[in-house]
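Number of protein chains: 2
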Amino acid sequence: MQVQELPTDPQAIRELIRLGKYDGVTGGLAPGYVQANLVILPKSLAFDFLLFCQRNPRPCPILEVLDAGKPEPVLTTPGADIRTDIPKYRIFRDGELYEEVTDINGFWRDDLVTFLLGCSFTFESAMIDAGIPLRHWETGKNVTMFITNMSTTPAGVFSGPMVVSMRPIHHQQIVRAVQVTSRFPGAHGAPIHVDNSKAIGIDNIELPDYGDPTEFKDGEVPVFWACGVTPQAVAIKSKPSLMITHSPGHMFVTDMKDSALAAL
Amino acid sequence: MQVQELPTDPQAIRELIRLGKYDGVTGGLAPGYVQANLVILPKSLAFDFLLFCQRNPRPCPILEVLDAGKPEPVLTTPGADIRTDIPKYRIFRDGELYEEVTDINGFWRDDLVTFLLGCSFTFESAMIDAGIPLRHWETGKNVTMFITNMSTTPAGVFSGPMVVSMRPIHHQQIVRAVQVTSRFPGAHGAPIHVDNSKAIGIDNIELPDYGDPTEFKDGEVPVFWACGVTPQAVAIKSKPSLMITHSPGHMFVTDMKDSALAAL
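Sequence order for the protein chains is E and A.
Residues in the first sequence are numbered consecutively from 1, following my numbering.
Residues in the second sequence are numbered consecutively from 265, following my numbering.
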């Protein structure tokens, strides 16, 4: 099924995914609705991970945490099932990628705690609406990401560097880009850093650690936002016996409106 | 020692408290610095309580959660000791008030997790600065508080009604009061409700559940904010074997500036 044939309301999209009729990426689907990063961990690690997110709200903005063993996001997306409603999942065992699957019924346990974290799609839509073009949207590439020299604030077994996404912004639009994204603290919020990539430990702006490189045009400055890859990278480092995430780009489409995430 | 003789910087105030030279209320001390509500619970309850706070950010705005057994708030107030730097504590055993003490060294355990939660002093200072008078400040009374018919979002063993504080605001200043307090989501943020107290289960506005009653003047409307009494009331209901809080009005004076809590 092609993206352009898909319905635009989140419930219908999740139903197609649940029935196995769509397993592609979710960027651009259900415009106006929040999409979420997924991290599932055993209960024994849940306090430390929740505390890690609380201490690092920019890379880890929590949308909802489900009670242990519960697969329904009753607060943001009642009726959905986190085990079947995401197009593609990654299963990690002891910190190693073990399998990529389209449902996780076979891996579900009563002690699993599901974390839904905000995603940059929300603030990117707001930037587009505000007339700030996004190179990776225009070119159909993945956003450029770097591991920085900025430490996250550790919590229990979790620690590690902050991962950032980078977007080239024309210098005349930097102020507007800060304003627009500041309104969405639930989706990484304001930039973490502007310009001077060396100051945050990025030696070569053309060699990203994740995603695709980005070409700069005249007058453009690199602007950096905290990235949802951070919590996954940090969680994997602790080598949990079992950890389940979405596959990159294959997000959970919630029933929450982008506007519900907007601050003032 | 009288309040007016006290130093104005938070570190010096905490030192006096630690040395047993001051055990009074903290309202008005260290102007411009954030004061915090204290809840200490055994680790076995910490995930549920952290999740409760995450799901109920208006009554339970988290400033810092300390690692189990650690008494130093390294993020907001490095160098302080949560066991000695608060003027007065309440010890609860199995949900019953057991003792009121001026330090908790004798109760400290390696499995205790400390939660510091935002306090209305921060947004009240901002209201005063914005020219919105506060009756209970003018009259030297305690703020008026009610148990509402609004449920908090439960998490694990924690659930219960939301407690609100009420301030009479002149109808010409309601919009400004919403704007000013909205900037401080870390200190309960915007009002939860304006006017029509019956709609949130308050039958008699002159009979508060906690604090002192407030007299209304012509043109004033009751405006309600989520209250930090909520997490304490909810936590006590679960009858934890041990729970430690500050005594009402005897807050933890942090090194964090009020301005650091301000959103946009």
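Since the hints were derived computationally from the structure, they do not count as laboratory data.
Fair warning: this is a prediction, and the values are worked out from it, not measured in the lab.
In this text, a Cβ means the ideal position worked out from N, Cα and C, and glycines have one as well.
Some clues are possibly wrong.
Stated by the list, open to error - Below, in silico cross-link-like pairs of lysine-lysine (BS3-like), each with a Cα-Cα straight-line distance of 27 Å or less:
{"#": "1", "chain 1": "A", "residue 1": "K307", "chain 2": "E", "residue 2": "K237"}
{"#": "2", "chain 1": "E", "residue 1": "K70", "chain 2": "A", "residue 2": "K503"}
{"#": "3", "chain 1": "E", "residue 1": "K70", "chain 2": "E", "residue 2": "K141"}
{"#": "4", "chain 1": "E", "residue 1": "K70", "chain 2": "E", "residue 2": "K237"}
{"#": "5", "chain 1": "E", "residue 1": "K217", "chain 2": "E", "residue 2": "K257"}
{"#": "6", "chain 1": "E", "residue 1": "K257", "chain 2": "E", "residue 2": "K198"}
{"#": "7", "chain 1": "A", "residue 1": "K501", "chain 2": "A", "residue 2": "K307"}
{"#": "8", "chain 1": "E", "residue 1": "K237", "chain 2": "A", "residue 2": "K334"}
{"#": "9", "chain 1": "A", "residue 1": "K521", "chain 2": "E", "residue 2": "K43"}
{"#": "10", "chain 1": "E", "residue 1": "K43", "chain 2": "A", "residue 2": "K307"}
{"#": "11", "chain 1": "E", "residue 1": "K21", "chain 2": "E", "residue 2": "K43"}
{"#": "12", "chain 1": "E", "residue 1": "K198", "chain 2": "E", "residue 2": "K237"}
{"#": "13", "chain 1": "A", "residue 1": "K334", "chain 2": "E", "residue 2": "K239"}
{"#": "14", "chain 1": "A", "residue 1": "K307", "chain 2": "E", "residue 2": "K70"}
{"#": "15", "chain 1": "A", "residue 1": "K501", "chain 2": "E", "residue 2": "K43"}
{"#": "16", "chain 1": "E", "residue 1": "K43", "chain 2": "A", "residue 2": "K503"}
{"#": "17", "chain 1": "A", "residue 1": "K462", "chain 2": "A", "residue 2": "K481"}
{"#": "18", "chain 1": "A", "residue 1": "K481", "chain 2": "A", "residue 2": "K334"}
{"#": "19", "chain 1": "E", "residue 1": "K239", "chain 2": "A", "residue 2": "K307"}
{"#": "20", "chain 1": "E", "residue 1": "K70", "chain 2": "E", "residue 2": "K217"}
{"#": "21", "chain 1": "A", "residue 1": "K481", "chain 2": "A", "residue 2": "K307"}
{"#": "22", "chain 1": "E", "residue 1": "K70", "chain 2": "A", "residue 2": "K501"}
As the list claims (entries may be wrong) - From the derived model, a few chain A residues whose C-beta atoms are all more than 10 Å from chain E:
{"#": "23", "residue": "K307"}
{"#": "24", "residue": "Q318"}
{"#": "25", "residue": "T417"}
Task: 27 Å limit on alpha-carbon distance, applied to hinted pair K462(A) and K481(A) - done: Holds. K462(A) to K481(A) sits at ~19 Å (cutoff 27 Å).
Task: Pair hint outcome, K70(E) versus K501(A) [Cα-Cα no greater than 27 Å] - done: Distance ~24 Å between K70(E) and K501(A) Cα, so the pair holds.
Task: 27 Å limit on alpha-carbon distance, applied to hinted pair K307(A) and K237(E) - done: holds, 23 Å
TODO: Verify the proposed pairing of K307(A) with K70(E), using a straight-line Cα cut of 27 Å.
DONE: With a Cα-Cα distance of about 22 Å, the restraint between K307(A) and K70(E) holds, given a limit of 27 Å.
Task: Given as non-interface: K307(A), partner chain E, CB spacing beyond 10 Å - done: With a cut-off of 10 Å, K307(A) comes too close to chain E, as the shortest Cβ separation is near 8 Å.
Open item on the list: Can you confirm whether the C-alpha distance between K334(A) and K239(E) stays at or below 27 Å?
Closed with: Distance of about 25 Å is within 27 Å: holds.
- [ ] Below or equal to 27 Å on CA atoms is what counts here, so check K70(E) against K217(E).
- [x] Outside the cut-off at roughly 48 Å; violated.
Task: Given pair status - K307(A), K481(A), alpha carbons within 27 Å - done: violated, 47 Å
Open item on the list: What's the verdict on K237(E) and K334(A), does the C-alpha distance respect the 27 Å limit or exceed it?
Closed with: Judged against 27 Å, a Cα distance of about 24 Å means the pair holds.
TODO: Take the C-alpha atoms of K21(E) and K43(E), compute the straight-line distance between them, and say whether it is at most 27 Å.
DONE: Roughly 32 Å between the alpha carbons, so the hint for K21(E) and K43(E) is violated.
Open item on the list: Hinted pair, alpha-carbon criterion (27 Å max): K70(E), K141(E). Please report holds or violated.
Closed with: Roughly 35 Å between the alpha carbons, so the hint for K70(E) and K141(E) is violated.
TODO: Verify the proposed pairing of K501(A) with K43(E), using a straight-line Cα cut of 27 Å.
DONE: Given that 27 Å is the threshold and the Cα spacing comes to 23 Å, the pair holds.
The structure fails to meet hints 3, 5, 6, 9, 11, 18, 20, 21, 23, 24, 25 from the earlier list, while all remaining hints are met.
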